[in-house]
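There are 2 protein chains.
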Amino acid sequence: MSNEENAGTGRQLEVGILLFNGLTALDFVGPHMILAAAGMKVHLVSATSEPIVSDNGMVITPNSTFDNCPTRLDILLVPGGFVDGVMRDSATLAFLADRGANASYVTSVCNGSLALAAAGLLDGYRSATHWATRDHLAQLGVQVSTERVCIDRNRMSGGGVTAGIDFGLTIVAHILGDDVARFCQLAAEYNPKPPFDAGSPEKAGPETKAIFDEFIAPFDASLRQAVSHVLEQRTTVSSRPT
Amino acid sequence: MSNEENAGTGRQLEVGILLFNGLTALDFVGPHMILAAAGMKVHLVSATSEPIVSDNGMVITPNSTFDNCPTRLDILLVPGGFVDGVMRDSATLAFLADRGANASYVTSVCNGSLALAAAGLLDGYRSATHWATRDHLAQLGVQVSTERVCIDRNRMSGGGVTAGIDFGLTIVAHILGDDVARFCQLAAEYNPKPPFDAGSPEKAGPETKAIFDEFIAPFDASLRQAVSHVLEQRTTVSSRPT
Chain A
2 MSNEENAGTG
12 RQLEVGILLF
22 NGLTALDFVG
32 PHMILAAAGM
42 KVHLVSATSE
52 PIVSDNGMVI
62 TPNSTFDNCP
72 TRLDILLVPG
82 GFVDGVMRDS
92 ATLAFLADRG
102 ANASYVTSVC
112 NGSLALAAAG
122 LLDGYRSATH
132 WATRDHLAQL
142 GVQVSTERVC
152 IDRNRMSGGG
162 VTAGIDFGLT
172 IVAHILGDDV
182 ARFCQLAAEY
192 NPKPPFDAGS
202 PEKAGPETKA
212 IFDEFIAPFD
222 ASLRQAVSHV
232 LEQRTTVSSR
242 PT
Chain B
2 MSNEENAGTG
12 RQLEVGILLF
22 NGLTALDFVG
32 PHMILAAAGM
42 KVHLVSATSE
52 PIVSDNGMVI
62 TPNSTFDNCP
72 TRLDILLVPG
82 GFVDGVMRDS
92 ATLAFLADRG
102 ANASYVTSVC
112 NGSLALAAAG
122 LLDGYRSATH
132 WATRDHLAQL
142 GVQVSTERVC
152 IDRNRMSGGG
162 VTAGIDFGLT
172 IVAHILGDDV
182 ARFCQLAAEY
192 NPKPPFDAGS
202 PEKAGPETKA
212 IFDEFIAPFD
222 ASLRQAVSHV
232 LEQRTTVSSR
242 PT
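Chains as they are written, first to last, in our numbering: chain A, 2 to 243; chain B, 2 to 243.
The set of hints was computed from the structure by calculation and includes no laboratory data.
When chains are identical, the list treats them as one kind, so a pair holds in a single copy or across two.
Each computed EDC-like pair below joins lysine to aspartate or glutamate, with the alpha-carbon atoms no more than 20 Å apart:
hint : residue 1 : residue 2
1    : Lys42     : Asp56
2    : Lys194    : Asp153
3    : Lys204    : Asp180
All of these numbers come straight from a predicted model, not from anything done at the bench.
Pulled out of the complex, with its shape left as it was, chain A reads as follows (with noise of 0.2 Å):
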């Protein structure tokens, strides 16, 4: 599924990923890897074309800029990781609120959709994110989902990190057809065996969602102020005279 135009559309679809310091790589990695071989193109878009360093150190280069990335894009995607920056920094919510007024879907994996709701792009949409982070999205007016990916008109969402893979196939059957879904899986080999079944709070227990909760607290309390800025912004808004 190289080829230049996506099956059925007689164009290229264009996907544009957000980068930022301290995302989560695997959140966009898995999405971009199947949506790549669905035969779209993707640009890996970052406010400069500096390179940008995930999380855990990885150091990536963005193929595209603000300035530079399409006005009309396909598929507008924000990953999750560490966004309490991104939440508080006006020119890249700026971007994400232009380009997702005029994307045909807006989309998030993980707490990216804390990014997209500090954008104003979820008012009044479902939308899911990771499990550690749903209060914080409730706190910005956002319906919760817990499902594994959620569509609420031409909002897509996947929960924490590995439910990329499963969005990227929802999405690419959702606009090409399930049949570029399944090739796309097949050469994925995605025929996931978990060693283990703790992939939610509820299926992982207590001992284990204990550690999760210590390990977490630190950017837990970032996210909340970014959550308060963001609210105390939109009340700073909404009480400028008219």
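Given the coordinates of chain A, work out where chain B should sit on it, guided by the hints.
Below, chain B without anything else, positioned relative to chain A:
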């Protein structure tokens, strides 16, 4: 689990992941996320510190080179992708042979197994590989496993692409225990729900497999030549007068 010492070992474990042009990023980004969540230090190693470009155009900068990569790795990991160049590159094969001889675990995801075999590291071992490259691995004299994750003494290998996540959890459990692996699985929300059941050629069926076979044909021919090259080199070496 971002602590500097891995549970039960008393020191931070060191992982070397080979980066090369044409690799499939998802092959290593899955296990990278899991191994880093388990507190391991990951070296992304290439011949030089120049960025490499993945099979779908992602630009990644190594943080280690053949010269400065630790000589004694706990885990050596080779991802797959367009590995034919690696199979012909004597500097890369010499690096793999050297670090492989000293590593506690010699591992691969996807057809990274072909590079390990070319470096002579799978002689007398069983190994998994991407389903579409099983014949090539057998040609190199390796006992091919169709398991999702194959363990044979200190060799551990995952099948195609997404098997890297299952591989990552399996090796973390093997070295650091089930509790650490369960923490990593919860962090990655690895609770897969593929929208289709097409992750193996048997499940995908003959029509989807035929599309994949056509897609992969040019690369398959290159791999076939690379396998012949490796076998010729072996014959040349073994037929030299002693």
